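Colleague: So the chains spell out like this:
Number of protein chains: 4
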Amino acid sequence: MVVVMQEGATEEEVQYVINRLMGMGFDIHRSTGARHTVLGAVGAKVDFDTRDIELLGGVEEVLRITAPYKLASRHFRPEGTIVTLGRGIAIGGEELVVMAGPCSVESAEQIDTIAASVAASGARILRGGAFKPRTSPYSFQGIGQQGLQLLRQAGDKHNLSVVSEVMDHTQIPQMIDYVDMLQVGARNMQNYNLLKELGKVAKPVLLKRGISATIEELLLSAEYIMAGGNYNVVLCERGIRTFDSYLRNTLDIAAIPVIKKLSHLPIVVDPSHGTGLRDKVAPMARAAVAAGADGLLIEVHNDPEKALSDGAQSLFPEQFEKLMKELRVIAPAVSRRL
Amino acid sequence: MVVVMQEGATEEEVQYVINRLMGMGFDIHRSTGARHTVLGAVGAKVDFDTRDIELLGGVEEVLRITAPYKLASRHFRPEGTIVTLGRGIAIGGEELVVMAGPCSVESAEQIDTIAASVAASGARILRGGAFKPRTSPYSFQGIGQQGLQLLRQAGDKHNLSVVSEVMDHTQIPQMIDYVDMLQVGARNMQNYNLLKELGKVAKPVLLKRGISATIEELLLSAEYIMAGGNYNVVLCERGIRTFDSYLRNTLDIAAIPVIKKLSHLPIVVDPSHGTGLRDKVAPMARAAVAAGADGLLIEVHNDPEKALSDGAQSLFPEQFEKLMKELRVIAPAVSRRL
Amino acid sequence: MVVVMQEGATEEEVQYVINRLMGMGFDIHRSTGARHTVLGAVGAKVDFDTRDIELLGGVEEVLRITAPYKLASRHFRPEGTIVTLGRGIAIGGEELVVMAGPCSVESAEQIDTIAASVAASGARILRGGAFKPRTSPYSFQGIGQQGLQLLRQAGDKHNLSVVSEVMDHTQIPQMIDYVDMLQVGARNMQNYNLLKELGKVAKPVLLKRGISATIEELLLSAEYIMAGGNYNVVLCERGIRTFDSYLRNTLDIAAIPVIKKLSHLPIVVDPSHGTGLRDKVAPMARAAVAAGADGLLIEVHNDPEKALSDGAQSLFPEQFEKLMKELRVIAPAVSRRL
Amino acid sequence: MVVVMQEGATEEEVQYVINRLMGMGFDIHRSTGARHTVLGAVGAKVDFDTRDIELLGGVEEVLRITAPYKLASRHFRPEGTIVTLGRGIAIGGEELVVMAGPCSVESAEQIDTIAASVAASGARILRGGAFKPRTSPYSFQGIGQQGLQLLRQAGDKHNLSVVSEVMDHTQIPQMIDYVDMLQVGARNMQNYNLLKELGKVAKPVLLKRGISATIEELLLSAEYIMAGGNYNVVLCERGIRTFDSYLRNTLDIAAIPVIKKLSHLPIVVDPSHGTGLRDKVAPMARAAVAAGADGLLIEVHNDPEKALSDGAQSLFPEQFEKLMKELRVIAPAVSRRL
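Chains as they are written, first to last, in our numbering: chain A, 1 to 338; chain B, 1 to 338; chain C, 1 to 338; chain D, 1 to 338.
No wet-lab data here; the hints were simulated from the structure.
Check before you lean on any hint, since a few could be wrong.
Note that the list lumps identical chains together, so a pair holds whenever it fits in one copy or between two copies.
Below 25 Å or equal to it, Euclidean Cα-Cα: the simulated DSS-like pairs (lysine-lysine) are [unchecked claim]: (1) Lys-157 - Lys-45; (2) Lys-306 - Lys-260; (3) Lys-203 - Lys-325; (4) Lys-325 - Lys-261; (5) Lys-157 - Lys-260; (6) Lys-70 - Lys-261; (7) Lys-70 - Lys-157; (8) Lys-45 - Lys-306; (9) Lys-70 - Lys-325; (10) Lys-322 - Lys-196; (11) Lys-325 - Lys-200; (12) Lys-45 - Lys-261; (13) Lys-322 - Lys-306; (14) Lys-45 - Lys-203; (15) Lys-200 - Lys-306; (16) Lys-260 - Lys-322; (17) Lys-322 - Lys-70.
Just so it is clear, the structure is predicted and the values come from calculations on it, not from any experiment.
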């Protein structure tokens, strides 16, 4: 923390601030300039509230100089993290990992048909929701536990690992045997009781960025999981809220290189939720790969017009197949393969 | 829903859209203008996805014409809702209801001292957190169950009702006997499993608006609780995220008259979290009352410099006393009393 | 500027940064902590780009520690600025100054009728647009020069000073003899050629905050005017863009106490543009006064349904009269009079 | 426009609205449903204010159903517009057009060196600022007229067309003979007097999106230019403001496919201003091309550390060369060449 004192701050005020900082456990370096006294407060402490100092007499400004997260920081593992999911799948390595499937698991036939199709196009992980967080209480809320079983069966049959969303820490036990990765949705990015419990689980977590979360907040949420001992976290950009109403969300493609610099965790992109409209999914999936994403999460449905949720943003299988071909053209430009 | 067809849309395309809308359960009114065909789709349905129609051939634009919530709408109870909490407290009536207390319950002495002080100044409800959602896993997380008991004792002793935050549906049973109102924090505004369980509870709920939630999303979250049977919901504006970094959040004072028009539910304002800095609390509390809020939620601490959380935004008891006097000047301008 | 070096930065990297900073004209204070070296760079320089240092080898983070404006800063005139406009009008003093009038000057009769009415209710300044910036090229663009003459006549007749918007530096000469204060609209807040010319003018400037400008950017725009020698700048909050689409803009009431702390310039509020709907104007005008604004800018029209622009946000004269009465109740709570 | 009347609106209220709409020049289609009366108002009118109807008695909601722009709409020229600049350069065709050069023209030697370098790497247009809009009055403001001459000479020598920014309509005459395209900066996107004058000019205009402008507002600004008769408008995405502070702006890559659908005008992307940091330029340039942009605008400087403005976001010539090679890999994936 750096504390800039006001011009004209008294020596008493400076001493009061110094004592307060030392009481918080910091070592203090004092610089006295022509106009300002500047105090550098350093130490191992990660958790403090800069406002506690901001309000003291004679203080002009307080600046945090270290990130509020440690385990999620690039410094912690400069070489980068690779999250493995069995079947030779490694997120964060040279291979781009594509996860695909319907928004919701609807029936055995539906999930099997889609799984066969996306596997044939080159997807490695099958996605599908069993528990659905919906903005309206009157919307379809998922088929629950049975959906997990159907997802597992379809994945095993077509050599795909599976990922599904957990809405609540009480759902972890009923999900853990069916999925290879647990997904935390954007609305739950700061559901701390859920994050804490996921820190104790021996499976990777796919953590989606909240709709107006900063990158720092996303990394702090990853820190919650990692602080519990589970370091297998995959971050997911899925669109932020901006003023343009044409699309549901604005996919923050620039977050990819930023996160690559700040953190060692892999970052994948969900262009389906990130746009909300089918015809925008392929351009944004291509953009994500060109910007350096480690993978993609894409909604595909064999009959989108009849999908029970989010049909409008699901690709037809032929569109997904075409997209995968385009991505194979782009991948070498970023030293990747697919 | 109103569907505007493109200029040059074929009759086949129009018919396809009409059939699709009828299949979704709507009655259709067709208007054929010089350039556009416009379809009005009306019916009792509340849940549908306008994007399903947007993607059909020949469609220019689709507009939702009814709010996606019913029970939270002003139409449902044009006269307005008054939420009562015992001790003659009625939120939404002529009296402005002020809730005050520390961010976190820290000890028996602390909560008793503060309760005595805010009661003397005219507060009617005591606030205090026992379970604390914190952005960093390394921050103080509250003293838990014991905090609820201390809060209850202090409230009873000083004739104050009490409110405290519930982070998770599993905490409801351990809280329900200690509090008069359950608070849902901003980060949990879309924790749907929590909202559903609160719909079954026989106590009022204080629902805080998420940091970048629209008013419509806030009302949809209220709808989740009401759909479960619990109509005693008090909405709370506590600051939205904007581009200015000087304050933690930007208190959306304009949301007060907007919500008053759209909904029958009472709306209170939290200027402590809504600004994050002590010296901005009083101006914004006055503004909230002047704009028509039904009440306030204010952090007060007897020794803010030593508070375990959010000391920087807590008023000293004398500041709270002074603020209450100013509010008594303003109240008659909006036909209220305090 | 404070430069935090990375853990493990080499002595060569540190020296390179120090030399670069000295080349930029700064004095350097070096603190070497257990993990980080921190460099404090101080000096009289106001203009520099922190990114130039951020990109150097071994640099972790760069933080600006002084505001990029000087003349607009509270330090420059701790006692606050009062802008006078003749007729005993002083913005920033104890009296709340209300400016009122139509969006556009439409005719001699219209402006005279409205001027008479707002003067009777207690307004001190008459507003009215002659040159209108409109989002659409097909919208009414104002009656131009003639409007200024009509505005002046109506003001003189009813003992009101007058303010009108200048869109462009070429319009200054034709306006300067007709108005007592020149208004810069939100879209022109960063029209630097206009701001520079206004710095040479001997009349006060009413500078509106851009729709998504930060407070720092607003103060930098004021600095442009002041750097030219014109210190009579009145700031105006008129709504920022947020995600809620119910109102045109979200009036940032919290900006009032923030600006009061950061700057010595008076701050007034425009609840008409700040909300865009007539029935929201009074609540927000009351809130602005309760939060400490120095004045208000309110659209009033004798026949809003026939107004050539922004009729929807114009008050009827009776509504304005009622509002002024409410404000007289509130003013004493903030030690003001009206 | 579609007007939804409230449940329980009286026949008188409905008739009043109908009469008002007819007075505004609309034809009315009335649909009477079980609960709502819905009025469809159609006609050739482009400019109206929906709020004028929203405020009438008995009105629930008013929805605009046609875009407020005509000439900029995709309907106007479904086949798309190609803007030519001589030397065989065509923006909007199969070839990706790359514009490159320094932020500011600084000297004859500087601009010549950079022009030679970017031409060798495949750029077709030379960029460089002579008049610089700067947030701070204390920043370098460009070398003015002389810069235009140097830019022209360097362009001619290296077979590059040239583009430079116009800040103000009074600068057009002194620029028009030196540049092949006039650039409107983000801060001037709604400088209507400038846009109107550019409508009368016989050279293409590069129109940058404002930092928090919606796509609709960008297209309305293009409409201003086109309404004057100049249809050669190239749109430019250059980053929007979001909550993340790590980068200066967030490049809205999704705007590319959205604009391609809404408008016939070409769209290029500026990843230099769109990120503000050199190491983020290449990932975002690749993403822009992968998403379907018609071209790029990239800052390149031979000695960025000594650049008089925006050195931090300028590529070194070698980085630009490397980027161009990567783009040549990606282009075929979107049926383009470079």
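Colleague: Does each hint hold? Answer for all of them.
Modeller: Outcome of the hint check:
{"no.": "1", "hint": "Lys-157 - Lys-45", "result": "neither (50 Å within a copy, 39 Å between copies)"}
{"no.": "2", "hint": "Lys-306 - Lys-260", "result": "neither (38 Å within a copy, 28 Å between copies)"}
{"no.": "3", "hint": "Lys-203 - Lys-325", "result": "neither (31 Å within a copy, 40 Å between copies)"}
{"no.": "4", "hint": "Lys-325 - Lys-261", "result": "between (29 Å within a copy, 23 Å between copies)"}
{"no.": "5", "hint": "Lys-157 - Lys-260", "result": "neither (34 Å within a copy, 41 Å between copies)"}
{"no.": "6", "hint": "Lys-70 - Lys-261", "result": "within (14 Å within a copy, 35 Å between copies)"}
{"no.": "7", "hint": "Lys-70 - Lys-157", "result": "neither (40 Å within a copy, 44 Å between copies)"}
{"no.": "8", "hint": "Lys-45 - Lys-306", "result": "between (54 Å within a copy, 17 Å between copies)"}
{"no.": "9", "hint": "Lys-70 - Lys-325", "result": "neither (39 Å within a copy, 37 Å between copies)"}
{"no.": "10", "hint": "Lys-322 - Lys-196", "result": "neither (40 Å within a copy, 42 Å between copies)"}
{"no.": "11", "hint": "Lys-325 - Lys-200", "result": "neither (39 Å within a copy, 46 Å between copies)"}
{"no.": "12", "hint": "Lys-45 - Lys-261", "result": "within (23 Å within a copy, 31 Å between copies)"}
{"no.": "13", "hint": "Lys-322 - Lys-306", "result": "within (22 Å within a copy, 46 Å between copies)"}
{"no.": "14", "hint": "Lys-45 - Lys-203", "result": "neither (30 Å within a copy, 41 Å between copies)"}
{"no.": "15", "hint": "Lys-200 - Lys-306", "result": "neither (38 Å within a copy, 33 Å between copies)"}
{"no.": "16", "hint": "Lys-260 - Lys-322", "result": "between (28 Å within a copy, 20 Å between copies)"}
{"no.": "17", "hint": "Lys-322 - Lys-70", "result": "neither (41 Å within a copy, 34 Å between copies)"}
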